[in-house]
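So the protein sequences, as listed, match chains A and B. Just so we're aligned: the first sequence equals residues 1 to 566 in UniProt numbering. Just so we're aligned: the second sequence equals residues 1 to 566 in UniProt numbering.
Treat the hints with care, as some may be off.
Note: identical chains are not told apart, hence a pair may lie in one copy or across any two.
Said to hold, decoys possible - List of simulated lysine-lysine pairs, BS3-like, C-alpha gap at most 30 Å:
{"no.": "1", "residue 1": "K399", "residue 2": "K43"}
{"no.": "2", "residue 1": "K43", "residue 2": "K238"}
{"no.": "3", "residue 1": "K299", "residue 2": "K399"}
{"no.": "4", "residue 1": "K418", "residue 2": "K43"}
{"no.": "5", "residue 1": "K60", "residue 2": "K366"}
{"no.": "6", "residue 1": "K392", "residue 2": "K43"}
{"no.": "7", "residue 1": "K19", "residue 2": "K299"}
{"no.": "8", "residue 1": "K16", "residue 2": "K392"}
{"no.": "9", "residue 1": "K19", "residue 2": "K399"}
{"no.": "10", "residue 1": "K238", "residue 2": "K60"}
{"no.": "11", "residue 1": "K16", "residue 2": "K43"}
{"no.": "12", "residue 1": "K399", "residue 2": "K418"}
{"no.": "13", "residue 1": "K44", "residue 2": "K238"}
{"no.": "14", "residue 1": "K16", "residue 2": "K44"}
{"no.": "15", "residue 1": "K299", "residue 2": "K238"}
These are calculated hints, taken from the structure and not from any lab test. All figures in this text were calculated on a predicted structure; none of them were measured in a lab.
So you can see what is in the structure, the chains are spelled out below.
Number of protein chains: 2
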Amino acid sequence: MTDVQQQKSDSVAAVKHMKWWGWGVEGVAFHHDDKPAFAPFVKKIVGVELSSGQHDTGLKFDDLTVPASIAGPEVVDSLVQIVGADAVATDDHDRVVHTYGKSIRDLIRIRAGILARVPDLVVYPADEAQVQQIVDLAVASDLVVIPFGGGSNIVGSLEPLPAETRTIVSLDMGRLDRVLDIDEDSGLARIQAGGQGPDLEEQLNARGWTLGHFPDSFTHSTLGGWVATRSSGMQSDKYGDIADITKGLRVVRPGGVLAIRAVPSASTGPSLREMIIGSEGRLGVITEVTAQVHRLPEKREILAYLFPSWHDGLAAMQAIAESDASPSVTRVSDSHETAFSFATSKPGKGISQKITDLLPTLLKAKGWDVDAMCLSFIGYEGGPEHVARTQKTVGRIVKANRGMAVGTGPGKLYDQKKFDTPYLRDFFMDHGGAADVSETAAPWSKLRDVSSRVYAAANQAFDRIGVQGWIMGHLSHSYHSGACLYFTFAFEHGDDAEAQYDVVKHAIQQAFIDTGATVSHHHGVGLEHQPWMSQDVSPEGVAVMQGLFDSADPGRVFNPGKVTGA
Amino acid sequence: MTDVQQQKSDSVAAVKHMKWWGWGVEGVAFHHDDKPAFAPFVKKIVGVELSSGQHDTGLKFDDLTVPASIAGPEVVDSLVQIVGADAVATDDHDRVVHTYGKSIRDLIRIRAGILARVPDLVVYPADEAQVQQIVDLAVASDLVVIPFGGGSNIVGSLEPLPAETRTIVSLDMGRLDRVLDIDEDSGLARIQAGGQGPDLEEQLNARGWTLGHFPDSFTHSTLGGWVATRSSGMQSDKYGDIADITKGLRVVRPGGVLAIRAVPSASTGPSLREMIIGSEGRLGVITEVTAQVHRLPEKREILAYLFPSWHDGLAAMQAIAESDASPSVTRVSDSHETAFSFATSKPGKGISQKITDLLPTLLKAKGWDVDAMCLSFIGYEGGPEHVARTQKTVGRIVKANRGMAVGTGPGKLYDQKKFDTPYLRDFFMDHGGAADVSETAAPWSKLRDVSSRVYAAANQAFDRIGVQGWIMGHLSHSYHSGACLYFTFAFEHGDDAEAQYDVVKHAIQQAFIDTGATVSHHHGVGLEHQPWMSQDVSPEGVAVMQGLFDSADPGRVFNPGKVTGA
Numbered sequence: 001m002t003d004v005q006q007q008k009s010d011s012v013a014a015v016k017h018m019k020w021w022g023w024g025v026e027g028v029a030f031h032h033d034d035k036p037a038f039a040p041f042v043k044k045i046v047g048v049e050l051s052s053g054q055h056d057t058g059l060k061f062d063d064l065t066v067p068a069s070i071a072g073p074e075v076v077d078s079l080v081q082i083v084g085a086d087a088v089a090t091d092d093h094d095r096v097v098h099t100y101g102k103s104i105r106d107l108i109r110i111r112a113g114i115l116a117r118v119p120d121l122v123v124y125p126a127d128e129a130q131v132q133q134i135v136d137l138a139v140a141s142d143l144v145v146i147p148f149g150g151g152s153n154i155v156g157s158l159e160p161l162p163a164e165t166r167t168i169v170s171l172d173m174g175r176l177d178r179v180l181d182i183d184e185d186s187g188l189a190r191i192q193a194g195g196q197g198p199d200l201e202e203q204l205n206a207r208g209w210t211l212g213h214f215p216d217s218f219t220h221s222t223l224g225g226w227v228a229t230r231s232s233g234m235q236s237d238k239y240g241d242i243a244d245i246t247k248g249l250r251v252v253r254p255g256g257v258l259a260i261r262a263v264p265s266a267s268t269g270p271s272l273r274e275m276i277i278g279s280e281g282r283l284g285v286i287t288e289v290t291a292q293v294h295r296l297p298e299k300r301e302i303l304a305y306l307f308p309s310w311h312d313g314l315a316a317m318q319a320i321a322e323s324d325a326s327p328s329v330t331r332v333s334d335s336h337e338t339a340f341s342f343a344t345s346k347p348g349k350g351i352s353q354k355i356t357d358l359l360p361t362l363l364k365a366k367g368w369d370v371d372a373m374c375l376s377f378i379g380y381e382g383g384p385e386h387v388a389r390t391q392k393t394v395g396r397i398v399k400a401n402r403g404m405a406v407g408t409g410p411g412k413l414y415d416q417k418k419f420d421t422p423y424l425r426d427f428f429m430d431h432g433g434a435a436d437v438s439e440t441a442a443p444w445s446k447l448r449d450v451s452s453r454v455y456a457a458a459n460q461a462f463d464r465i466g467v468q469g470w471i472m473g474h475l476s477h478s479y480h481s482g483a484c485l486y487f488t489f490a491f492e493h494g495d496d497a498e499a500q501y502d503v504v505k506h507a508i509q510q511a512f513i514d515t516g517a518t519v520s521h522h523h524g525v526g527l528e529h530q531p532w533m534s535q536d537v538s539p540e541g542v543a544v545m546q547g548l549f550d551s552a553d554p555g556r557v558f559n560p561g562k563v564t565g566a
Numbered sequence: 001m002t003d004v005q006q007q008k009s010d011s012v013a014a015v016k017h018m019k020w021w022g023w024g025v026e027g028v029a030f031h032h033d034d035k036p037a038f039a040p041f042v043k044k045i046v047g048v049e050l051s052s053g054q055h056d057t058g059l060k061f062d063d064l065t066v067p068a069s070i071a072g073p074e075v076v077d078s079l080v081q082i083v084g085a086d087a088v089a090t091d092d093h094d095r096v097v098h099t100y101g102k103s104i105r106d107l108i109r110i111r112a113g114i115l116a117r118v119p120d121l122v123v124y125p126a127d128e129a130q131v132q133q134i135v136d137l138a139v140a141s142d143l144v145v146i147p148f149g150g151g152s153n154i155v156g157s158l159e160p161l162p163a164e165t166r167t168i169v170s171l172d173m174g175r176l177d178r179v180l181d182i183d184e185d186s187g188l189a190r191i192q193a194g195g196q197g198p199d200l201e202e203q204l205n206a207r208g209w210t211l212g213h214f215p216d217s218f219t220h221s222t223l224g225g226w227v228a229t230r231s232s233g234m235q236s237d238k239y240g241d242i243a244d245i246t247k248g249l250r251v252v253r254p255g256g257v258l259a260i261r262a263v264p265s266a267s268t269g270p271s272l273r274e275m276i277i278g279s280e281g282r283l284g285v286i287t288e289v290t291a292q293v294h295r296l297p298e299k300r301e302i303l304a305y306l307f308p309s310w311h312d313g314l315a316a317m318q319a320i321a322e323s324d325a326s327p328s329v330t331r332v333s334d335s336h337e338t339a340f341s342f343a344t345s346k347p348g349k350g351i352s353q354k355i356t357d358l359l360p361t362l363l364k365a366k367g368w369d370v371d372a373m374c375l376s377f378i379g380y381e382g383g384p385e386h387v388a389r390t391q392k393t394v395g396r397i398v399k400a401n402r403g404m405a406v407g408t409g410p411g412k413l414y415d416q417k418k419f420d421t422p423y424l425r426d427f428f429m430d431h432g433g434a435a436d437v438s439e440t441a442a443p444w445s446k447l448r449d450v451s452s453r454v455y456a457a458a459n460q461a462f463d464r465i466g467v468q469g470w471i472m473g474h475l476s477h478s479y480h481s482g483a484c485l486y487f488t489f490a491f492e493h494g495d496d497a498e499a500q501y502d503v504v505k506h507a508i509q510q511a512f513i514d515t516g517a518t519v520s521h522h523h524g525v526g527l528e529h530q531p532w533m534s535q536d537v538s539p540e541g542v543a544v545m546q547g548l549f550d551s552a553d554p555g556r557v558f559n560p561g562k563v564t565g566a
């Protein structure tokens, strides 16, 4: 057991937040000046005209009308006594930053100045003892507590219910951001829940370890948030989903801490660990996670491959999952997403260049249809021998499924740029576009059907709302019995962007359910996925879950209304 | 999707049960006539004199005083209407068979004719619809329902509470024993919960598939029982614990079926799947499991190895877990269990012979202490190339940890005999001995401490009760962050065998808790492990679990009192 000593500030001022109106930090924005194919591509697929250069959104915080805080002086005083005056915020900016996550609905609403209900105050506890006092105060004083990590949620887990009349406390976990210690013998790290991805990896990497959890939100999401929403990451094929990574847990409950031992497996009744995972704040406040960590791999490589069709790409991923190979990433884009990737590349380098160079030969020699072509990334991590052997096995499988390797260049670029897409969405919104994602998991036997019915459902939805829409997807994780499919959809919205979005989102989610897939593979439920819960886990399942919440939180203090609605 | 058509009888008469007084089927018994080292060894370690030949227990069912059934005619009539007269049993033999599992406490009590409370009747539903009717009747009529699989439980999950005044129905799932279909594309099999291990494997093997789940109880336990108790098997290193294998579930709840889709992973709130797993009947009746299945491996081999000490053996298992190798079995016995294995071998063949032949060379060349020597079995499954490569990697690690390979012979024998140990226990009991097992899991960093403190605790307990006792153990499963340790203890009991057992069992379980290990890795909680639950998962955890049970089963109809007590 080694104490990881990090000189980290735990001041309130050091807690990082994203922009109130969009993804990421101020000053970083997408532009396409070096990607000449991008604007024409977007114009073609959704009819949106993109401006060049950096775009000024014109959004001003002062234009917002923020509902006044209803927190009474007694509540504020009590919280100040617990965390100190500097750790209780009642100013409008802090409250607004803690109102929404970053789904397209959230961004549409915040950009339109829609703030039905805003947390009445934000508290920044410095440690678990303070969290306990806040939780106990909340129960005693009938407050509502909404735990807040990085604020990256995209299913409505963070927003207060509009009709809530009690005082709402947003409990920002940002000061609890330390790797407390690493059991190097066991590969187990005790980590505070409020640490954001890059900060945690930095602390772990400094000791030669990695968590191996890299969701799309990585740069702005927290370990506690990952656990609370059942997150999955880009390298979960190797490292497991957060449910696999999470061994021990500490959760502040009214009156005390629910503590789960960090043992590799246990047969102690229904899994409390698996009740906390995915609980989205409804069972208490996660303060600490003992997570499985791995030594940094000696070698790490992402190779790109091309397949003549989506079916070939899927068949290859399935064959890889069935084989003895164990790559760290298995990803294949459908033809739409492949075309999108090429359009966002810079000429002379980038994903497309090498492929563009190869194309004439490819098409002639193989007779491929360039519009059906699918780009795949397979990741390899481990000792050089393991990496070489896995690449060889995968290479054979790719070839057997009519695919071809296109080297490490595109993979390197993918690796560097993989967290940038949300900035693109903000830029797209600046020009009247709406884009968001839906993801699911299904058995191998159903994936083709899921994919084609999601396309059909989205296109029907686009027709219904009278827009030129676009949908694209990829397989993002493989399991023994199936895979995760991840879809991105976009359209130029009209005046009622939120209602239009709802039509498209609804159509896609219902297609998941109708094909036997799940309503969500790793984004959680929040408010947005609730309408499909009883179809997914059966009404009896929702009732059991509701019973769990009601018995654990009879006062509906902890993020009420999320996951199950009641 | 292929329907698996099997000509299986679903008659009540075809439902298999174990002996009322011991393990397994009538007519099969342990004897040691071909194992000359065995009786002297047992005499030495626990002072028990074993007779030769087959032993007649002298136990007669007619000597038992079985409390009369309190089931009223209305209840019996209602059940007969649901399942038919031949599927409702009220005879004493059937009721007694459904009273206990097969823990040492169970066997001590049944051999002593202690029957505080016996199920009032046994029902054998033919399908899920009948289970639903029984469940609904039980809720409406305030009955108690205890689901029954193979009856192999050893933690008291099956026995009725002595003070129960309501009519108790043992719900025997034995007629629901079919593999319903196999999704060959996805490696998912839809299987009825009441099928016993060998029957299920036979149905799967016939189609080229295996579940890969082989607990010690395999020959007499059911899929539903495995799920209900969070089982783990001998090859779980490769195939996963039952929690990994279980994808979809159907659970009959009052008023309807809780159905969980068989998707590879989902982010739909707290995991209902993981609440049902380990629920020991308290959340309803599991009728169907969609399980991950694997194609039968091309090659399958178990190799034996020897290590000069327990610490070397553990270090090797840890290094294997950290390596790129993925064996199907990782097992190493401590020196006591190694000595026991040698003593139970037949001369001329068996585990010991090859090793005995090697010993003089070994000891001279390597300077090993023969009393400290530890026997290990590592299993390999997959394609020939994978098996060869894994064996090579493991071979290197074994050597680096001062161990040596001793070939496939002992492994083959281990493989054939691995389910026979419980028969030995019955024979041992015939001679005044008591023996049982305790198992746990802990991080790698704690295993040595767990092991030595368990030994110390057991030996102190033996002293306290004034017996010559024996304890032995092995590592039975490896994970990234730790392993399962499995202990067997034995002593010659006095008049109060149950009280003596409690002292020893208590000491061992408390040593688990005190060293940071868990109260159980794969045996469940039942009644026997309850005393340590709040130390293991914290009082707050037990309260949340109790809340789940209370909300899901306010009438305490479903196996009340198990897992949490209330």
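Here is how each hint holds up against the structure:
1. With identical chains, the CA atoms of K399 and K43 are never at most 30 Å apart, being 35 Å at best within one copy and 64 Å at best between copies.
2. Taking CA atoms no more than 30 Å apart as the test, K43 paired with K238 passes in neither setting, with 38 Å inside one copy and 50 Å between copies.
3. For the homomeric pair K299 and K399, the shortest alpha-carbon distances inside one copy (24 Å) and between copies (25 Å) are both at most 30 Å.
4. Taking identical chains as interchangeable, the C-alpha atoms of K418 and K43 lie at most 30 Å apart only when both belong to the same chain, with a minimum of 23 Å there against 68 Å between chains.
5. Taking CA atoms no more than 30 Å apart as the test, K60 paired with K366 passes in neither setting, with 54 Å inside one copy and 79 Å between copies.
6. In the homo-oligomer, the alpha carbons of K392 and K43 never lie at most 30 Å apart, since the shortest distance is 41 Å inside one protomer and 57 Å across protomers.
7. When the C-alpha separation of K19 and K299 is checked against a cutoff of 30 Å, the pair qualifies neither within a copy, at 36 Å, nor between copies, at 57 Å.
8. Taking the closest pair of Cα atoms, K16 and K392 never come within 30 Å of each other, the shortest separation being 43 Å inside a single copy and 49 Å across copies.
9. Taking CA atoms no more than 30 Å apart as the test, K19 paired with K399 passes in neither setting, with 45 Å inside one copy and 57 Å between copies.
10. Taking the closest pair of Cα atoms, K238 and K60 never come within 30 Å of each other, the shortest separation being 44 Å inside a single copy and 57 Å across copies.
11. For the identical chains of this complex, K16 and K43 are neighbours neither inside a copy (36 Å) nor across copies (69 Å), given an alpha-carbon limit of 30 Å.
12. Proximity of K399 and K418 under a CA criterion of 30 Å is satisfied intra-copy only: 26 Å inside one chain copy versus 43 Å between copies.
13. In this assembly of identical chains, K44 and K238 lie within 30 Å of each other by CA distance neither inside one copy nor across copies; the values are 38 Å within and 49 Å between.
14. Proximity of K16 and K44 under a CA criterion of 30 Å is satisfied in neither setting, with 38 Å inside one chain copy and 68 Å between copies.
15. Proximity of K299 and K238 under a CA criterion of 30 Å is satisfied in both settings, with 14 Å inside one chain copy and 25 Å between copies.
Violation of the numbered hints given earlier is confined to hints 1, 2, 5, 6, 7, 8, 9, 10, 11, 13 and 14; the remaining hints are satisfied by the structure.
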